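Novice: So the sequences go chain by chain: Z and L.
According to this note's numbering, the residues represented by the first sequence are 1 to 313, in order.
According to this note's numbering, the residues represented by the second sequence are 1 to 271, in order.
Please keep in mind that the hints were generated in silico from the structure rather than gathered at the bench.
Treat each hint with caution, since some may be false.
What the hints assert, rightly or not - Here are the simulated DSS-like pairs of lysine-lysine, each with C-alpha atoms no more than 27 Å apart in a straight line: (1) L:LYS44 to Z:LYS119; (2) L:LYS73 to Z:LYS119; (3) Z:LYS190 to Z:LYS105.
What the hints assert, rightly or not - The following residues of chain L were derived to be distant from chain Z, with all beta-carbon distances above 12 Å: (4) LEU13; (5) GLU24; (6) GLN68; (7) MET71; (8) LYS73; (9) GLN138; (10) ARG146; (11) GLN170; (12) ASP217; (13) ARG231; (14) GLY261.
Please read all numbers here as calculations on a predicted model, not as lab measurements.
Virtual Cβ for every residue (Gly too), placed ideally from N, Cα, C.
Below are the chains, spelled out letter by letter.
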Amino acid sequence: MAIKLYKELKLESPDMVCGWPGIGRIGIVAADYLRRVISAEEVGEIEPWDFFEPRKVAIQDGLLKELEFPSNKFYYQRFGSKDLLLFIGEEQPAQGIGLYAVGEKAYRMANLVLDVAEKFGVRRIYTSGAAVAQIHHSLKPKVWAVPNNEDMLDEMRGLKNIFLMSQIEGRQGQSAITGLNGLLLGVAKKRNMEAVCLMGEIPYYLQASPWPYTKASISVLEALANILGLEIDLMPLEEMARKMDSGIDTFLNNLYVAEAIPEQIRNKIRESIERLKLDNESLGPITEEDQKRIMEQIDEFFKRGESGSDRAS
Amino acid sequence: MTGPVRVYSRPDLENASLIVGWLEDVGKVGPRVIEYLKTHISAKMFCEIEPEKFFPLDGVAVIDDVAQFPMSKFFVGGEDGLALFESNQPLNERYKFLNDVLDVGQYYCKIKELYTIGGIISPIAHTSPRRLLSVFNQSEFHDQLRGFELEDMAWEGSPAINSFLLWAAQQRNIPGLSLWPEVTFYLAAVGDPKAAKSALSFFNRRFDLGLDFTALDSEIEAQDDKLATLRRENPEIDKYMRTLEVGLSLNEDEQLKLAQGVAEFLEKDRT
Numbered sequence: 001m002a003i004k005l006y007k008e009l010k011l012e013s014p015d016m017v018c019g020w021p022g023i024g025r026i027g028i029v030a031a032d033y034l035r036r037v038i039s040a041e042e043v044g045e046i047e048p049w050d051f052f053e054p055r056k057v058a059i060q061d062g063l064l065k066e067l068e069f070p071s072n073k074f075y076y077q078r079f080g081s082k083d084l085l086l087f088i089g090e091e092q093p094a095q096g097i098g099l100y101a102v103g104e105k106a107y108r109m110a111n112l113v114l115d116v117a118e119k120f121g122v123r124r125i126y127t128s129g130a131a132v133a134q135i136h137h138s139l140k141p142k143v144w145a146v147p148n149n150e151d152m153l154d155e156m157r158g159l160k161n162i163f164l165m166s167q168i169e170g171r172q173g174q175s176a177i178t179g180l181n182g183l184l185l186g187v188a189k190k191r192n193m194e195a196v197c198l199m200g201e202i203p204y205y206l207q208a209s210p211w212p213y214t215k216a217s218i219s220v221l222e223a224l225a226n227i228l229g230l231e232i233d234l235m236p237l238e239e240m241a242r243k244m245d246s247g248i249d250t251f252l253n254n255l256y257v258a259e260a261i262p263e264q265i266r267n268k269i270r271e272s273i274e275r276l277k278l279d280n281e282s283l284g285p286i287t288e289e290d291q292k293r294i295m296e297q298i299d300e301f302f303k304r305g306e307s308g309s310d311r312a313s
Numbered sequence: 001m002t003g004p005v006r007v008y009s010r011p012d013l014e015n016a017s018l019i020v021g022w023l024e025d026v027g028k029v030g031p032r033v034i035e036y037l038k039t040h041i042s043a044k045m046f047c048e049i050e051p052e053k054f055f056p057l058d059g060v061a062v063i064d065d066v067a068q069f070p071m072s073k074f075f076v077g078g079e080d081g082l083a084l085f086e087s088n089q090p091l092n093e094r095y096k097f098l099n100d101v102l103d104v105g106q107y108y109c110k111i112k113e114l115y116t117i118g119g120i121i122s123p124i125a126h127t128s129p130r131r132l133l134s135v136f137n138q139s140e141f142h143d144q145l146r147g148f149e150l151e152d153m154a155w156e157g158s159p160a161i162n163s164f165l166l167w168a169a170q171q172r173n174i175p176g177l178s179l180w181p182e183v184t185f186y187l188a189a190v191g192d193p194k195a196a197k198s199a200l201s202f203f204n205r206r207f208d209l210g211l212d213f214t215a216l217d218s219e220i221e222a223q224d225d226k227l228a229t230l231r232r233e234n235p236e237i238d239k240y241m242r243t244l245e246v247g248l249s250l251n252e253d254e255q256l257k258l259a260q261g262v263a264e265f266l267e268k269d270r271t
């Protein structure tokens with residue numbers, strides 16, 4: 001298990017943006033888009049074999065040519081007057097069949113990322129992920145911010161479209177962040193390093209969807225650009241988000257008329273989702289029981305869709 | 001040692017005393033006492049217990065808008081060498097964890113005594129003095145500390161982590177004392193600086209620390225002033241507090257109303 005850095009860098013108090021897959025692929029899409037848009041250069045990696053199972057093998061003429069593991073790479077770019085490091089992991093080091101980082105491996109991975117951050121004198125670390133919320137997909141997702149240090153609260157409080165947990169209805173400042181996004185915040189806190197997790201809202205009814213929720217990645221990137229003082233062209237992502245919106249509309253319209261779901265439940269689902277368009281807090285949240293029932297039906301619908309695709313291919 | 005312990009420097013101590021406080025404590029007594037001691041004896045961190053065996057590492061909790069993470073750190077400071085341990089309470093492998101604490105205490109600090117601090121909820125008014133209840137793990141140590149205005153505790157039931165640690169120290173023949181300062185029940189969630197002062201006063205006398213209590217006294221005075229304002233503004237709260245002050249008890253509903261009223265008022269004032 002090792003960190004491999006391909007070159008020595010002399011950086012001026014860089015910030016580090018980290019991204020991994022998670023709900024709606026919000027964090028990794030944001031980090032990877034930033035990497036591409038600033039043309040960040042690959043400068044190192046964490047060797048993956050201690051953390052991940054291989055996911056692809058290449059055998060030619062009876063010879064094993066290559067075994068491919070999920071990558072975990074560091075990138076660098078000076079953007080404007082700012083040195084920026086990125087860390088992008090294609091998977092979270094999970095245990096068993098879980099998708100999210102947990103346990104000793106995850107802790108080791110978080111420490112390795114922070115070893116590199118410390119080596120380069122990183123000023124602050126940004127992670128990002130999803131905030132599952134009662135929001136309609138046609139509305140702009142807010143960004144929930146959780147810093148690992150009280151000193152950052154005032155800074156976050158004043159930023160456009162960024163909300164602390166105490167500003168989110170029904171949260172009273174409390175929550176939990178699972179996976180590497182949370183763990184990195186915690187381990188950074190242990191090392192007295194500043195870190196903040198920016199979570200883009202995703203409608204609860206899309207949390208199990210296999211599609212990336214680009215709209216939330218855009219909100220996260222806008223928040224990052226605002227904090228870091230960067231200008232990022234988001235047009236290509238916005239175009240992608242428009243297409244996604246249309247795809248989600250089609251999916252929901254199909255769901256609302258799906259004969260496999262009893263009419264009464266279909267109506268309940270439609271009513272619960274459509275009322276979110278009003279963005280009116282006076283409507284009050286739907287009950288947990290209703291949300292669970294809706295999610296069960298939507299999960300089932302997603303599964304049917306996936307198996308249908310398999311057959312078509 | 002049984003667990004991962006990270007040592008940053010080796011303290012030069014002989015016959016030190018180790019004081020242990022837990023971050024999750026009634027009336028925030030443990031962390032308040034350790035923080036106060038750390039500041040006033042200029043204690044430096046020298047070692048920590050790594051969390052992966054003792055805490056579930058599946059993310060972080062967010063409390064008051066800020067991400068939390070378990071910590072278990074040792075500090076040393078003071079002219080005669082005082083070791084402090086401040087930690088979250090472990091959720092897994094508690095016996096191993098407590099033995100790691102004692103291992104560090106014995107190998108690096110050569111401890112001769114162990115002290116633990118933990119608040120204990122009491123149905124008293126905040127204007128009442130706080131008793132300092134005590135549990136020893138050796139009768140000789142108990143005899144030695146007579147005259148320190150400690151009151152013997154009696155309890156049968158589920159053990160707190162302090163009792164577990166005291167027992168583990170007993171197995172190693174380390175004299176130990178658990179201090180349990182009384183915490184006014186309606187200050188259990190928001191913090192009871194008077195309770196912290198009662199424990200600190202004991203340590204001040206026991207180790208001749210010459211602690212300056214100005215900052216803590218100001219905190220106590222500020223809290224008393226706020227509660228006096230609340231009493232003036234809210235006759236029901238005042239009635240409950242008066243009932244406690246004359247030695248009578250409140251029923252469950254009244255206790256709940258008082259605790260909620262105080263917590264909401266102090267929280268509103270804080271923000």
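Novice: I'd like to know which numbered hints this structure contradicts. Please list them from smallest to largest.
Specialist: 6, 7, 8
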